[in-house]
Amino acid sequence: MKTRDIVCDSGSLITLTSSCLDRLLYFFAEKHNVRFMIPKAVEHETVGRVIDENIRKHIYSALRIRQAIDDGIIARVDADVSLQGSRLMNAANNLFYVKGKPLRLIQEGEAQMLALSRSVGVDYLLMDERTTRMLIEAPIRLKTHLEQEFGVNAMVNKENLRRLSSELSGLRTLRSSELAMLAFEKGYFDDMESRKVDMLEAALYKMKYSGCSISFDEIKSYMESVSRTVA
Amino acid sequence: MTILRYLREFSQSILTSFRKRNQRALRKINDDVLSAAATELDKNLFDLAVLSYALSKIVSKPRFLDREYDSRLRAIERALSDLLDMSNAPDEQVSRFVHAVEKSIGSLEKDDPRFITTIINKGKLKMAATLYAQGMSLGVASEMSNLEQQEVLDYAGETMMFDRIKDEKGIRERMKLARKFIEE
Numbered sequence: 001m002k003t004r005d006i007v008c009d010s011g012s013l014i015t016l017t018s019s020c021l022d023r024l025l026y027f028f029a030e031k032h033n034v035r036f037m038i039p040k041a042v043e044h045e046t047v048g049r050v051i052d053e054n055i056r057k058h059i060y061s062a063l064r065i066r067q068a069i070d071d072g073i074i075a076r077v078d079a080d081v082s083l084q085g086s087r088l089m090n091a092a093n094n095l096f097y098v099k100g101k102p103l104r105l106i107q108e109g110e111a112q113m114l115a116l117s118r119s120v121g122v123d124y125l126l127m128d129e130r131t132t133r134m135l136i137e138a139p140i141r142l143k144t145h146l147e148q149e150f151g152v153n154a155m156v157n158k159e160n161l162r163r164l165s166s167e168l169s170g171l172r173t174l175r176s177s178e179l180a181m182l183a184f185e186k187g188y189f190d191d192m193e194s195r196k197v198d199m200l201e202a203a204l205y206k207m208k209y210s211g212c213s214i215s216f217d218e219i220k221s222y223m224e225s226v227s228r229t230v231a
Numbered sequence: 001m002t003i004l005r006y007l008r009e010f011s012q013s014i015l016t017s018f019r020k021r022n023q024r025a026l027r028k029i030n031d032d033v034l035s036a037a038a039t040e041l042d043k044n045l046f047d048l049a050v051l052s053y054a055l056s057k058i059v060s061k062p063r064f065l066d067r068e069y070d071s072r073l074r075a076i077e078r079a080l081s082d083l084l085d086m087s088n089a090p091d092e093q094v095s096r097f098v099h100a101v102e103k104s105i106g107s108l109e110k111d112d113p114r115f116i117t118t119i120i121n122k123g124k125l126k127m128a129a130t131l132y133a134q135g136m137s138l139g140v141a142s143e144m145s146n147l148e149q150q151e152v153l154d155y156a157g158e159t160m161m162f163d164r165i166k167d168e169k170g171i172r173e174r175m176k177l178a179r180k181f182i183e184e
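Protein sequence lines, in the order shown, are assigned to chains A and B. Per our numbering, the first sequence starts with residue 1, numbered consecutively. Per our numbering, the second sequence starts with residue 1, numbered consecutively.
Take every hint as true, because none was put in to throw you off.
Which residues of chain A face chain B? A few of them, derived with a C-beta cut under 8 angstroms, are:
1. Gly11
2. His32
3. Glu45
4. Gln107
5. Glu110
6. Tyr124
7. Thr131
8. Ala138
9. Glu149
10. Leu174
11. Glu178
12. Gly211
13. Ile214
Read the hints as simulated data drawn from the structure, not as lab findings. The structure presented is a predicted model; accordingly, all values stated were derived computationally and were not measured. For each residue, glycine too, the CB sits at the ideal point set by N, CA and C.
Taking the hints into account, I'd like the entire structure generated from these sequences.
This is the structure in C-alpha cells:
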C-alpha cells in the first residue's frame, strides 16, 4: 500500500489529544498507511516544552503525543528547514501592513511546518490553526478579516504575496475534524454500532470546543449528509 | 507612535478612568491597548491590556468600592502614575513598572487572592484568544501571552471565533479533499 504523508501542526495534535481522539492517528497509520510528520519545532511545542517545564495541566496530552512518536505513528523529521522557514516567516510577517506597521502573523513553529512540507515534497497538511490555513487558502480573505478587526485598511506587500503564493502553491489542508469525519466513513466508529453517528457528532463538537477551527454550521451540514446516507 | 508614547497615553487613560471607577471606559481602553499590542507586537502593551481588563473587572465589583479598600486602590493609582512618569526608560525598566502595577492589583486581596489571580489569568487568556481571533496565529498569540498553545486553544474553542468568518471552502469540498488524500 502506498504511504500517504501528511505534515501536522501543533494545533491538530493538541485537538486530537485533548479530545481523546489521538487513536485516529493509529487508525489511519495502521489501516491506510498514513505517515504523520512533524518538524522539531512542533515536537518541542507539544511535547518537549510541556514536559521540561512540568506543565501538569497538559502533560497527559504531551505524553500521548510522545507515545505516538515512540510507536512510529508520528514521525519527527529532523530536516534543517530553518532557512526556508525564516524566508516564509519573513514573507508572511511582512505581507500585511496596518497603520504603517507589518503585522506579525505567524511564528517559527508554523513557518517550519510549511517549510518542512516543501522540503520533503508533501502537499497535505493536518492543520487546525486558522491563520496559517488562511494564508495558504485565502490570504486576501485574511486581509479583509484583519481590516474588519482593526477597523482600518490593510496594505498588501505584493512582492511577499507573490512569493508566498508561489511557495505555498499546491498545499492542501485538512483539519482534525475532517480526519474524524473520514475515520467515520472508513469504519472507525463501527464498533459503536447504533451509537456510531452520535459518537461522530459528539467527537466533532468535542474537537470544536478543544479549539479545532470548525464552525457549528459545518458540523451540522456534515451530520445532515451522514443522516441521509445512514437512513 | 513609539511604544513609550503608547504606554504613556494608555497609562494616562487607564489612570483617569480607574480614578473615576468607570468600567465602560476601561473596557474601551482595553480594546485600544490590545489593538496597539497587536500592531506593535509589544509585550509591555500586551501586559497593559491584561491589566486594563483586570481593572475593569475590579471596578465592576461593588465590594472593592468599600472604604476598607481605599488605600489599596490608591496604591494601584500610584503604580499607574509611576508608569506614566517613566521617561525614556529602557525596555526592561518599563517592564518593571508594568509589573509593579500588576503587583499592586495582586495586593488588593491579600487574605484571599483567588479572585484577583483568576482575573489576571483570565485576562491573559482572553487577550491571547482575542489576538488569535483578530488574525494572529495561535503561535504568535501564545508567545505574546506566554501561555501554552493548548491553553489558548481551549479558551478559543469556547468562543464563537470560528463561526464568525465564513470559510473559503465548504465542508463538502474539504471532505472531497480528505477522501482524495486517502484514496490517491
